[in-house]
Amino acid sequence: MATPPNNPPLLEVKNLRVEFPTRRGTLLAVDDVSFDIAPGEVLGVVGESGAGKSLTGNAIIGLLEPPGRIAGGEIRLEGRRIDNLPYEEMRKVRGARIGAIFQDPLTSLNPLYSVGHQLVETIQTHLPLSAAEARTRALDLLKEVGIPGAETRIDHYPHQFSGGMRQRVVIALALCAGPRLIVADEPTTALDVSIQAQIIALLKRLCREHGTAVMLVTHDMGVIAETADRVAVMYAGRIAEIGPVRDVVKHAKHPYTKGLMGSIPSLGVRTERLTQIDGAMPRLTEIPQGCAFNPRCTARGSRCLVERPDLMAAGTTRAACWLHDRGGIGAPVVKETADA
Amino acid sequence: MAARSALSGWLHRAADSDVWWSFKSSPMTVAAAVATFLIVAVAFLSPVLAPHTPFDPATLSLTDGLKPPAMLSADGDWAFPLGTDDQGRDILSSIMYGTRLSLVVGLASVVVAMTLGITLGLLSGYLGGAVDALIMRVADVQLTFPAILVALLIDGIVRGIISVKRHDEIAIYVIVGAIGLSFWVQYARTVRGSVMVEKNKEYVQAARVIGLSPLLIMVRHVLPNVTGPVLVIATINLGLAIITEATLSFLGVGLPSTEPSLGTLIRLGNEVLQSGDWWITVFPGVTLAALVLAVNLLGDWLRDALNPKLR
Amino acid sequence: MPDGSGTQFVRIAGLKRYFDVSAPWLVRMIERRPRQIVQAVDGIDIEIAKGETFSLVGESGCGKSTVARLVVGLYPPTAGTIEFDGNDMAGRHSRADMAALRRRMQMIFQDPYASLNPRWRVFDIIAEPIRAFGLSKDKADLQKRVEDLLRQVRLTPADGRKFPHEFSGGQRQRVSIARALASQPEFLVCDEPTSALDVSVQAQILNLMVDLQRRFGLTYLFISHNLAVVYHISTRVGVMYLGRLVEVAPTETLFTRPKHPYTRMLLDTIPDLDMTGRQRSPVAGEVPSPINPPSGCTFHPRCPFANDRCKAERPKALSIEGGTVACHAIEEGRLPVEERTYVANS
Ligand SMILES: Nc1ncnc2c1ncn2[C@@H]1O[C@H](COP(=O)(O)OP(=O)(O)OP(=O)(O)O)[C@@H](O)[C@H]1O
Ligand SMILES: Nc1ncnc2c1ncn2[C@@H]1O[C@H](COP(=O)(O)OP(=O)(O)OP(=O)(O)O)[C@@H](O)[C@H]1O
Ligand code: SF4
Ligand code: SF4
Ligand SMILES: [Mg+2]
Ligand SMILES: [Mg+2]
Chain E
59 MATPPNNPPL
69 LEVKNLRVEF
79 PTRRGTLLAV
89 DDVSFDIAPG
99 EVLGVVGESG
109 AGKSLTGNAI
119 IGLLEPPGRI
129 AGGEIRLEGR
139 RIDNLPYEEM
149 RKVRGARIGA
159 IFQDPLTSLN
169 PLYSVGHQLV
179 ETIQTHLPLS
189 AAEARTRALD
199 LLKEVGIPGA
209 ETRIDHYPHQ
219 FSGGMRQRVV
229 IALALCAGPR
239 LIVADEPTTA
249 LDVSIQAQII
259 ALLKRLCREH
269 GTAVMLVTHD
279 MGVIAETADR
289 VAVMYAGRIA
299 EIGPVRDVVK
309 HAKHPYTKGL
319 MGSIPSLGVR
329 TERLTQIDGA
339 MPRLTEIPQG
349 CAFNPRCTAR
359 GSRCLVERPD
369 LMAAGTTRAA
379 CWLHDRGGIG
389 APVVKETADA
Chain C
345 MAARSALSGW
355 LHRAADSDVW
365 WSFKSSPMTV
375 AAAVATFLIV
385 AVAFLSPVLA
395 PHTPFDPATL
405 SLTDGLKPPA
415 MLSADGDWAF
425 PLGTDDQGRD
435 ILSSIMYGTR
445 LSLVVGLASV
455 VVAMTLGITL
465 GLLSGYLGGA
475 VDALIMRVAD
485 VQLTFPAILV
495 ALLIDGIVRG
505 IISVKRHDEI
515 AIYVIVGAIG
525 LSFWVQYART
535 VRGSVMVEKN
545 KEYVQAARVI
555 GLSPLLIMVR
565 HVLPNVTGPV
575 LVIATINLGL
585 AIITEATLSF
595 LGVGLPSTEP
605 SLGTLIRLGN
615 EVLQSGDWWI
625 TVFPGVTLAA
635 LVLAVNLLGD
645 WLRDALNPKL
655 R
Chain D
1396 MPDGSGTQFV
1406 RIAGLKRYFD
1416 VSAPWLVRMI
1426 ERRPRQIVQA
1436 VDGIDIEIAK
1446 GETFSLVGES
1456 GCGKSTVARL
1466 VVGLYPPTAG
1476 TIEFDGNDMA
1486 GRHSRADMAA
1496 LRRRMQMIFQ
1506 DPYASLNPRW
1516 RVFDIIAEPI
1526 RAFGLSKDKA
1536 DLQKRVEDLL
1546 RQVRLTPADG
1556 RKFPHEFSGG
1566 QRQRVSIARA
1576 LASQPEFLVC
1586 DEPTSALDVS
1596 VQAQILNLMV
1606 DLQRRFGLTY
1616 LFISHNLAVV
1626 YHISTRVGVM
1636 YLGRLVEVAP
1646 TETLFTRPKH
1656 PYTRMLLDTI
1666 PDLDMTGRQR
1676 SPVAGEVPSP
1686 INPPSGCTFH
1696 PRCPFANDRC
1706 KAERPKALSI
1716 EGGTVACHAI
1726 EEGRLPVEER
1736 TYVANS
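Those protein sequences? They're chains E, C and D, same order as listed. By this note's numbering, the letter at position 315 of the first sequence is numbered 373, and the numbering carries on one by one without gaps. By this note's numbering, the letter at position 32 of the second sequence is numbered 376, and the numbering carries on one by one without gaps. By this note's numbering, the letter at position 184 of the third sequence is numbered 1579, and the numbering carries on one by one without gaps.
A hint or two may mislead.
As the list claims (entries may be wrong) - Simulated coverage check for chain C against chain D, where a stretch passes if three residues somewhere in it have a Cβ under 8 angstroms from a Cβ of chain D:
# : stretch
1 : 548 to 557
2 : 561 to 572
Said to hold, decoys possible - 30 angstroms max Cα-Cα, derived DSSO-like pairs, lysine-lysine:
#  : chain 1 : residue 1 : chain 2 : residue 2
3  : E       : K201      : E       : K262
4  : D       : K1411     : C       : K543
5  : D       : K1445     : D       : K1711
6  : D       : K1557     : C       : K545
7  : D       : K1445     : D       : K1539
8  : C       : K545      : D       : K1411
9  : E       : K308      : E       : K72
10 : D       : K1534     : D       : K1557
11 : D       : K1557     : C       : K368
12 : E       : K72       : E       : K316
13 : D       : K1411     : D       : K1445
14 : E       : K262      : E       : K150
15 : D       : K1539     : D       : K1557
16 : C       : K543      : D       : K1557
17 : E       : K150      : E       : K201
Quick caveat, the hints were computed from the structure, so don't treat them as lab data. Note that beta-carbon positions come from the ideal geometry of N, C-alpha and C, so glycine has one too.
Isolated chain E (complex conformation):
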């Protein structure tokens, strides 16, 4: 689903930095991240656990948990800066313009109230509707997210729903006020593959029909391949590569993305061993100088050890890797093989 290139972006993130002041110094967990999302577009965000995907998402919806804070950069929604809004105002934006979906549906639902009650309450805080109108809208939403028998289900409590249906209720909650942007953090990880397919179909339909933009954080490459228009690959708090989904998945330019895509077991060929990237992502306190991926990179050169690459054009995608710079990587540095 290609988006017209001249569409103004719905969400712009520029040079975002998120840091945690701790007693051992300040940890930079999201380091100079920039991207944008057009209306109706799905941006997938992938990367190793701890790469900063959730923090980026939470920064956008204004729900960073203290002591985490935005230390730099700006976030604009439909041209308006939202990263420096006071809490109350941000809360309104979050309900009305941005919807959030988290991994565990139970954290977003109150077990003590019926699903309908929670929907009506959310609708009424954001839209000037009477209780009866709000209930009608809640019912429509439940039908829209595909809850069978919505008329009776609306008065049930969260625990009476299956995991997949609960997640659909959470999506309905996020959609209450007709948001322009949905930030979905691992919305399908807790779900079964079959239910996962239903949720993805739902998200795609929303983009198509309402022009909603979606930031989809997940480490399930299958979900990304099916849903996203573009993908951002994060590594150690930075974007390693970003580009159209097909190009990133099939023709990755950054060595980390290549390794990541190669690690996915695929049907059709049974190999003895899967491709793997040796080693582990560095802790935030031990990020090496130069390119953060250099201790694990098989292609690294002397320049990689001292100079940090920024995103640069690499064919059809943009990658943060000196291999794609005219200056090159410098003299090759053989990776010591002892680490694992």
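Given the structure of chain E, go ahead and fit chains C and D with the ligands onto it with the hints provided.
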């Protein structure tokens, strides 16, 4: 081995942890810790530090009776900085000895309550079923009685069984037992809750796959993981136990007045409060309040610091 | 691949496990509610040959983990037998014999965060089975064994002094594997060992498991809902639905010539990584509750090929193409075998 490694592990992490850091960065907590330490140290060193031996009749003289505090009144005698009671006992020394006694009773009854509560809680949580139902129903019933009432009841029963004279000798055991018995429920419930969470964690199942006995699993695996919340309750309970003992003594069913605890001192002082000799009761009262406040502050901090982090 | 004739290493026959999830007796009497029994595992036969990897797949709640737990003895079975290398696990064994049997089978758990005691050092965690089974002669020997194990899972001996929270998810899962290997088992039950990990770490762990299998001739019972992972690692695959095995087949056959209607639906849910435009169709309908499973073939409410016989009669396992299928339509020959091909990713 496992127990030792668990302990050293805990120490290692404690020294390196956010808990120590949060301790250092909270002046209130540091002050409470210093105050607790001072009170405890002075109390236990009272035989060395106290200027008088207030319970030795040989050293008492009635002529010293009812002297006001020297620091506040010209009538006072600097040999008795906080004054004396009607028997001529030095209030300062009485407080030091009394605090020691109160602390001993408090600590001992916390240990009793903890042992009982942890054991029953572990059994209840790990075995579940009928054992759990029984223990928890008993706990529910007990919770509907205030701790004081339980202690009064036990003390009453013991008094009914043995003579008054013998009662004075074993009073301290009775009171420790009574307070201990009235506080176990909280430990049992907390431990049971934690055990029910922990026992379904996969590390416990891994131990079962190896074939360890339930007892070993409880002691080696589950117990170290429930110490956090228990420790917190213990600090809060220490204060409560001291107050309960004081209340019981105040009601006259606690320790004999020949060996006054802080609570007894307050009661004795209270009887003569009408005649204007306020110092006999106010100074022990202030000490008790300070001790309880300091320990509670420590407990509160510990609860906040331990809860989300040491995981 | 098993030849079917030789002795099977692990033999599971008629295995059932029911859970009583009724309300307490008093509540039940007052509110006049019936007893509620979950038929988590309802009659399963599996044979696993030495050195093979047998995988179980199926939707959430179909009873995969329950089978794993039954096999390692975490739950006693309601009915049926589990034989391990010719020994009936439920039979009368002396303590020593039982310990000897337990030593030979171990389990790797799903959650690398919950499966290691947070208060223990990694050294003690790995040493625990060695100590429990009395496998080391002295301290030096124990030290050496643990260090060897750490190296086998590609950690360093120095890591033994650390606590679990100092490791990443993938590294913790290695510690878990090292602990499982510590008693030198021959059979490993792995319940979703990589589901909590991301793909690059998953590849590391799967490669490690394959290496270890080759090195020590291990036999695996592997559980996962990720069909691509299962395709990659297994010799044979069993498909579970509501506590029953509906199809067992050699891996290649199962993926290219699926027979049971449920297997076909399950294969349709595999995400399309190659973006060939293949439509992913969700399995229709909600999963029925295992408390009141449908009569006859439990799949009939969701099955496009169901007829009256399916509603009444439970299908028997039918041997075909080196595997078994339990479906009336296949037996009656009214459902032709379907060929599938997959394009390799890149
Ligand atoms: N409260 C905190 N204090 C210190 N560091 C934190 C805190 N919260 C998160 N971090 C660190 O920030 C980094 C990014 O975390 P984030 O949750 O964004 O990762 P992620 O990419 O979403 O990973 P996952 O796939 O595991 O969800 C991690 O290294 C994490 O350790
Ligand atoms: N201890 C238990 N008590 C009661 N019911 C249980 C128990 N363990 C499992 N069940 C039930 O048995 C059924 C099978 O559960 P099981 O955990 O084996 O499923 P699974 O296939 O492993 O699913 P998943 O993929 O979600 O892990 C479920 O309906 C579950 O609710
Ligand atoms: S910049 Fe150098 S080290 Fe980093 S990914 Fe590119 S080649 Fe590898
Ligand atoms: S037995 Fe009948 S209902 Fe069951 S899978 Fe086969 S055709 Fe479908
Ligand atoms: Mg995350
Ligand atoms: Mg399971």
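If you test the structure against every hint from before, which numbers come out violated?
The structure conflicts with no hint, since it agrees with every one listed earlier.
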